[in-house]
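Novice: In order, the protein sequence lines correspond to chains X and P. The opening residue of the first sequence carries number 32 in this note's numbering; numbering runs sequentially from there. The opening residue of the second sequence carries number 4 in this note's numbering; numbering runs sequentially from there.
Mixed in with the good hints there might be a few duds.
For the chain P half of the interface with chain X, some residues (derived, Cβ under 8 Å), not all of them [as the list claims (entries may be wrong)]:
#1 Thr194
#2 Gln278
#3 Leu342
#4 Gln616
Honestly, the hints are just simulated from the structure, not real lab data. Glycine is no exception: its CB is placed at the ideal position from the N, C-alpha and C atoms.
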Amino acid sequence: MTIYIIRRVLYMIPTLIAISILSFVIIQLPPGDFLTSYVAQLRQEGDIIDESQLESLRVRYGLGEPVYVQYGKWISGIFLRGDWGQSMDWQKPVKELIWERLGLTMIISLSSLLVSWFIAIPIGVYSATHQYSILDYTMTAFSFIGLGTPGFMLALIVLFVLQNQFGMNVGGLFSEEYINAPWNWAKVVDMLKHIWVPMAIVAVNGTAGNIRITRANLLDELNKPYVETARAKGVKESKLIWKYPVRVALNPFFSTVGWSLASLVSGVTLVAVVLSLQTTGPMLLRALTTQDMYLAGSFILLLSVLTVIGTLISDILLALVDPRIRLQ
Amino acid sequence: MRMKTQSERVSRRQFLQLSAVASASALLAACGSSPAAEAPAAAPAAPTAVPAAGEAAPAAAASQYKEAPMLAEMVNAGSLPPVDERLPQNPRVIPVVEEIGEYGGTWYRVAVGPGDAGTITNRLSYENLLRWNEDGSGVVANIVESYEVNDDATVFTMHLRQGMHWSDGEPFTADDYMFWHDDVLLNTDLTPSIPSWFKDPVTANPGVIEKVDDFTINFKFENSYGLFLQMLAGPSSSSISDYPKHYLTQFHPSYTDEATLAQLTADAGFDEWFQLFGQKRNWQNPEQPHIWAWVPTRVPPDVPVVAERNPYFYKVDTEGNQLPYLDSITWDVVENADLANLKAVAGEIDCQFRHILWQNYPLFIENMEQGEYRVMRWALAEGSNCLLHPNYNHTDEGLRDLFRTKDFRIALSVGINRSQIAELAYQGFGTGRQATVIKESPYYKEENAIRYAEFDPAQANQLLDGIGLTEKDNEGYRLRADGTPLSISIEYAPIFGPWRDAVQMITDSWKEIGIRAIPKEEDRTLFSQRGTAGEEMDMGIWIMDRCLTPLIEPWSFFPYRGGTPPSTGGLWWDWYQSQGAQGEEPPTEVQDQYALYDQIRGASPDALPALAQQFFDNASENLWFIGTVGDLPHVGIVKNNFRNVPENAVSDWLQQTPGNTNVEQYFKRQA
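Generate the whole structure from the sequences, applying the supplied hints.
Specialist: Structure, rendered in structure tokens:
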């Protein structure tokens, strides 16, 4: 097992190098650079930057240099000094920007992930064991609606209803008076008042999907001979279901941990844009559209690292959970 | 020491006098002395009348000027010098639009993206040496108390205000400008290329700044450069008044030793000192002092972004109240313009024109009462929102020659149904007009705005027949004289208006006169590249803005090598720029227009108006560009209790709107 993990970690290194090069190049592929998109944004409102000013900004940001020089500086900065470069859009070091937002994003994503599992697994198990019952049909209907409604749509509807019916402004994560306030108990309470909306919205989609997955997998397992055998031997029905087929049916949850980790950072982007949340998603989106390359590149590198680590974790988890898997 | 109590009435009269003198001194720029400087010296000696009982704060009672309560408290606490010491000896007096304002309050605005609150550097702080007056009819003194131009317009003398300060209380003097000139402009790391506004109009050598004394500087050029006054009032030069020497020298290698600077650079995570310098001289660095009315105190990534009043701001109202009235500006940062418009509708914005879309006008009117705001319509300085740019240097010689035929251009122009475009594409906002300056401009002539602008397919057909385009294909489209098909593709990136609809309507109405045109929408970057190359774009669409006083960069008044706007005469412009060494010799009328522009750049302030008028008339008569719909409103949302915002104003980049409406005298009625 240890050797397996070490080998996998070693494989990760070339993978990450390849990803970092690719992502850096892809970010720069569209014509123009940060400054052209910056100029275009300003021009939209009638503002104009003269050539000489642009020239000095270009020198300051090192945009005139070839891509491989820019990449070299960036990647060596990360490895040698933990310096992720400077965001041109925000005029701040990238590391200051990313970590600040990462916390809130993790809270929302992680909690909605857990909420969706806690709701979805029991319902999925119930649906499978009581296939074609009234409750199964109801749950199925609900989960299809949940799957079919995009998160941002749901966010818009919730925004509209809360605003119209209750006069609540649910955008953002804090009330006006707490945005600037230092962290204290009142601010945490205020955040909890706001955070359930995005959490619930994000959880709905996940829950719906997870119900379907659990149900389908469990149905496959329920007819297998080992279930029959256990039942014939007189194992209590509830113990039987939860101990054997459910464990197998949960495999997909563990094998998708790889993506879940990355989506903790990049996920819920659309919902966050709609609800104007101070999370990483909108920042990544903006960095990509403005070609703020060090910020965007750092995000993508971070996401790749999380995906690669997530895949490793999911493999290890699967090996632990699923008795059929053997390390070779 | 003499007691200096004084009444409201006396001080008001003095200030009216003072403001009159100040503006007079600006108008009589050529006159050598600065009479305005003497007026305030006389003011404290004024006889005391009835003191205004209990009105002024104790600290302000003995003072010539009044200040915001929050500053008076700081003065009483001893953390800030009294207002008389903070203001220059001769503050600039700003007339109020409606009434003398109340101190206090926050101005809520919305920024789209973190950099957008950067409007604090220009539009919300129009602090140039000189600036355009409110209606754009002339340039007046702003930071300077007076200025002079020598007879041949080669030396421009600026008299700074004595006793003016940066927002941290340090003196603002000629040395700050010398620092900009010697250590920023002439430093090739910071300024790789000299800005065009600071170049001699003939030799293109950079100008020179000389320090005469602590409060007097001279700008010098080799040749006459009368237009330089407008350059000083324009946006490009505004940054030269934002280089606080005492603060910035610590990041500059001419003043700080190499080791210290290298350490500072490395600590901030940069490779080069000029990257550090660039980050320090930046509105997003709250440590940097400015001379603006409000200085940033909270910057991205922290939101909302906040700028707070500058206790040393050098302007007062007509009653001697130090400006600004508003304590602070706060920007909420949203992801896109739609969200900004939603916030406006919800009444969450105090006063804003930026990002507010005229397309949403009905929505704004509908929610006016609920949101407790009024909807204002300023004039956008757009001569034409959708301007056609024919390519006179096209590689397709047949098309090129047709464009060069004036009758062909006239036919295209009268072949456009402008009122239909205004009605349908622009929802009734704006009017059909020819490409010329807006009607608020000092150079506006009605005949230029209606020339060839009336929809007249019969005349168009007649003209086209007249130039030999008589043969038609089986679809009814005219063929070229040599019998090959004639087709004009109109390229655009739909950015500044409903161009997709407008272009479609243009092509539809040209069908009536037998001209085949094909709309071609493309990405902005591609459009800009094709426009710069200027070889294969038949006709491009761009906005014709900055049309109030467009002499600084008159790109829509002669064929030019652009990008955005697209090139119309790339080779001709190359020829002119290289004095005949490159490119292609333009026809006489174009050469004349280029020569006239050279004259305008050098012209003395007296000679300028006549030359400028000639320039705009020429452009109109030659119809190098075909205008469609202009006179659009710049719609803005202003809360009912937010006052002193003028009903009528022109919105233009050169005028730094809303800076030209004196935002420092906006206030919020508290009751």
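Novice: With a cut-off of 8 Å on the beta carbons, see whether P/Leu342 makes it to chain X.
Specialist: Interface hint status for P/Leu342: holds (7 Å vs cutoff 8 Å).
Novice: Given P/Gln616 was flagged as interface, is its beta-carbon under 8 Å from a beta-carbon of chain X?
Specialist: The hint is violated - P/Gln616 has no Cβ within 8 Å of chain X, the shortest such distance being about 25 Å.
Novice: Given P/Gln278 as an interface hint, is its Cβ closer than 8 Å to any Cβ of chain X?
Specialist: holds (5 Å)
Novice: Just to be careful: measuring from the Cβ of P/Thr194 to every Cβ in chain X, is the smallest value less than 8 Å?
Specialist: Status holds, d = 6 Å.
Checked against the numbered hints given earlier, this structure breaks only hint 4.
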